[in-house]
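K.L.:
First to last, the protein sequences are chains A and B. Using our numbering, you'd call the opening residue of the first sequence number 1370 and step up by one each time. Using our numbering, you'd call the opening residue of the second sequence number 394 and step up by one each time.
Source of the hints: derived by calculation from the structure; they are not laboratory data. All C-beta atoms in this analysis are idealised placements derived from N, C-alpha and C, irrespective of residue type, glycine included. Mixed in with the good hints there might be a few duds.
[Said to hold, decoys possible] If you anchor each label on the Cβ, the simulated ranges turn out as follows:
no., chain 1, residue 1, chain 2, residue 2, range
1, A, G1409, B, R463, 41 to 51 angstroms
2, B, M420, A, L1430, 35 to 45 angstroms
3, A, K1425, B, G444, 29 to 39 angstroms
4, A, L1430, B, Y403, 38 to 48 angstroms
5, A, T1396, B, R463, 45 to 55 angstroms
6, A, T1477, B, R500, 20 to 30 angstroms
7, B, T419, A, D1435, 33 to 43 angstroms
8, A, R1423, B, L453, 42 to 52 angstroms
9, B, V488, A, S1420, 15 to 25 angstroms
10, B, P401, A, T1477, 28 to 38 angstroms
11, B, G489, A, T1396, 43 to 53 angstroms
12, B, G444, A, Q1383, 46 to 56 angstroms
13, A, Q1383, B, S454, 22 to 32 angstroms
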Amino acid sequence: SQQGEEDPQALSIQEGENATMNCSYKTSINNLQWYRQNSGRGLVHLILIRSNEREKHSGRLRVTLDTSKKSSSLLITASRAADTASYFCATDSYNNNDMRFGAGTRLTVKP
Amino acid sequence: EADIYQTPRYLVIGTGKKITLECSQTMGHDKMYWYQQDPGMELHLIHYSYGVNSTEKGDLSSESTVSRIRTEHFPLTLESARPSHTSQYLCASSVGRQPQHFGDGTRLSIL
């Protein structure tokens, strides 16, 4: 069953702008992860944030987690055309070892 | 990139045929997964394995079967393919609660 839900479903921006994607989930989690998928390829792990963390950075990526609102956001700063992809959040609960993926946000960065 | 391989990448085959999708990983991961994903849509977990001789059905009902005789190998079999099986199938592996590593998928079209 789907756990995370990304918002928006699709996002189109110009190169250089920032892109923000949101993820909401339903049950308590152990950690939350963001993945990227280029068209026709598998998913690639971007960043993991644990339930006791509030913010994490990796290069141009910034992830926040608000467990009281059961939500997370992924910010990509200074976007590039190569960032065009689908971005998925996935949650890992304490009771269940399996990841649950959302439907993804399709990001288009126009050059 | 992670060392997880799926073959074939693309398969177009007629209704009623028996199909085996191959997935192999060289990382020694104990956990392996199969997901079904329609284009631009969410991932649905159809099978998973926590180790040799361990297989479980996922959230999405599937007419496929899997086996895990060796740690590195997790093939998925459709005994009699139907047009409704047309989709992309993604294989992934992980260890503990670490992020999943994905193959590039098999795009399956049943005529």
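K.L.:
Each hint: holds or not?
P.N.:
Evaluated hints:
1. Checking the proposed 41 to 51 angstroms range against G1409/A and R463/B shows it is violated: the Cβ atoms sit about 28 angstroms from each other.
2. Our hint of 35 to 45 angstroms for M420/B and L1430/A is violated, since their Cβ atoms are close to 24 angstroms apart.
3. Between K1425/A and G444/B the C-beta distance comes to about 31 angstroms, which sits within the given range of 29 to 39 angstroms.
4. In this structure, L1430/A and Y403/B break the distance hint of 38 to 48 angstroms, their C-beta atoms being roughly 32 angstroms apart.
5. Taken as a hint, the range 45 to 55 angstroms is violated for the pair T1396/A and R463/B, whose Cβ atoms sit roughly 34 angstroms apart.
6. Against the hinted window of 20 to 30 angstroms, the Cβ-Cβ separation of T1477/A and R500/B comes to about 22 angstroms, which satisfies the hint.
7. The hinted range of 33 to 43 angstroms is satisfied by T419/B and D1435/A, whose Cβ atoms lie roughly 38 angstroms apart.
8. At roughly 33 angstroms, the beta carbons of R1423/A and L453/B sit outside the given window of 42 to 52 angstroms.
9. In this structure the hint that V488/B and S1420/A lie 15 to 25 angstroms apart at CB holds, the actual value being about 20 angstroms.
10. In this structure, P401/B and T1477/A meet the distance hint of 28 to 38 angstroms, their C-beta atoms being roughly 29 angstroms apart.
11. For G489/B and T1396/A, the Cβ-Cβ distance of about 20 angstroms falls outside the hinted range of 43 to 53 angstroms, so the restraint is violated.
12. Our hint of 46 to 56 angstroms for G444/B and Q1383/A holds, since their Cβ atoms are close to 48 angstroms apart.
13. Range check, Q1383/A to S454/B: about 43 angstroms between beta-carbon atoms, so the 22 to 32 angstroms window is missed.
In the structure shown, a violation is registered for the earlier hints numbered 1, 2, 4, 5, 8, 11 and 13, in ascending order.
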